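Given the sequences, and given the hints that come with them, work out the whole structure.
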Amino acid sequence: MANGTIAFDTLTTSDSVNTGTEKSIDTSYLFNSIPKQWSNYAGSGTTFRDSFNTTSATDNGTGQFTITLTNNMSTDDNAYLYSNNGATAQEVQEFTTGGDRQFAQIRAQATGSYGVQPIGDGGTQQDGGLNCSTVLGDLA
Amino acid sequence: MTIKTPKFQGTHLWDRLCWAKENLEGKQSDYRIVWEDPDKPDECAKITVPDPNWMACALQGGILPPVEVYWLLAEDEAKPDFKKHTRGYLLHNTKPVEAMTEEQAIEYLIMKDIPQRVWRNYDKANKPRLVICKKDQLPSTREWRNAWKIDENVVNLEEVA
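Chain order of the listed sequences is A and B.
Per the working numbering, the very first residue in the first sequence carries number 71; after that it's consecutive.
Per the working numbering, the very first residue in the second sequence carries number -1; after that it's consecutive.
None of these hints come from the bench; they were simulated from the model.
Computed from a predicted structure; not experimentally measured.
Ideal placement from N, C-alpha and C gives every residue a C-beta, glycine not left out.
Treat each hint with caution, since some may be false.
Stated by the list, open to error - Selected chain B positions facing chain A (Cβ under 7 Å, derived; list incomplete):
#1 Lys19
#2 Lys44
#3 Pro48
#4 His83
#5 Leu107
#6 Asn144
Said to hold, decoys possible - Far from chain B, by Cβ distances over 12 Å, these chain A residues were calculated:
#7 Tyr99
#8 Tyr152
#9 Arg171
Structure follows, in structure tokens:
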């Protein structure tokens, strides 16, 4: 299949034929609101499962990681989203009220990298089996 | 089947990465970069791991910008009055680098993601501060992770940290 370019400024929903109502969205709205980088990795051993716009992860010690971007962001004033699981491995876990709870802090934001610091129930830094991070903002 | 990289010079780097995500299979590298920051001698050794999708781009060629582009952006960002990048076009308009071997990609990664004070003259320091090794040369558990240091006697890379 040959590579080509389709240029358009708006997307129109397919059900407009049925509803008789034109609904469209400027594609720049879509581009501005999608994640510009994301990654899913294991903290212990820092192995990527999948990612986009990511160059590397650095294990700086227990519960301290740095993620670097291939296409820098325009500024360091981005929205950083993070979710994780304190279990030692990625596994589908049932809902519980007990262990493996973590939260994380974003550290050392720059246009080409950011740090992540997962913290467990006891307030100490922990590696996590499942670390997912996302950056929203404008690309350089 | 080998897929040919489109002529990407002038194409936004983001679009190139979208193309790579669709067309290239990620490459999990066994290489790890173990390093210590000479400005923070009390900190433990750090371990940098290449991203598989990025490695696929490096091996494919014609996608990633020269590493010098990242240095220029870093210089801009280090200025006290930095607000936002105004030379992002360097990422998109500079001629992309050709296909690299995995070892060359690791060298590129060192120069992109590790501070220059670590890798410049790394071999002239009075103790090792940068080692490229294989994943299985690292300790198999993370016990005492925050005390890991590069073995000062590392010669044959059998045991790195």
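Problem set entry | Non-interface claim for A:Arg171 versus chain B (Cβ beyond 12 Å) | holds, 20 Å
Exercise. Against chain A, with CB atoms and a cut of 7 Å, does the hint on B:Pro48 hold up?
Worked result: Holds, about 5 Å.
For this session: With 12 Å as the threshold, tell me whether A:Tyr99 passes as away from chain B on beta-carbon distances.
Result: holds, 17 Å
Problem set entry | Interface hint status, B:His83 versus chain A (Cβ within 7 Å) | holds, 4 Å
Problem set entry | B:Asn144 as an interface hint toward chain A, with CB separation required under 7 Å | Hint holds; B:Asn144 Cβ to chain A Cβ min 5 Å, cut 7 Å.
For this session: Answer holds if the nearest beta-carbon of chain A is closer than 7 Å to that of B:Lys44; otherwise answer violated.
Result: Check passed: Cβ of B:Lys44 comes within 5 Å of chain A, closer than 7 Å.
For this session: Let me know if the C-beta of B:Leu107 comes in closer than 7 Å to any C-beta of chain A, holds or violated.
Result: With Cβ-Cβ at 6 Å, under 7 Å, it holds.
Exercise. Taking the closest pair, is the beta carbon of A:Tyr152 still more than 12 Å from chain B?
Worked result: Given a closest Cβ separation of 17 Å, the condition holds.
For this session: Would you check whether B:Lys19 satisfies its interface hint, that is, whether its CB is within less than 7 Å of any CB in chain A?
Result: holds, 6 Å
The structure is consistent with each of the numbered hints, conforming to all of them.
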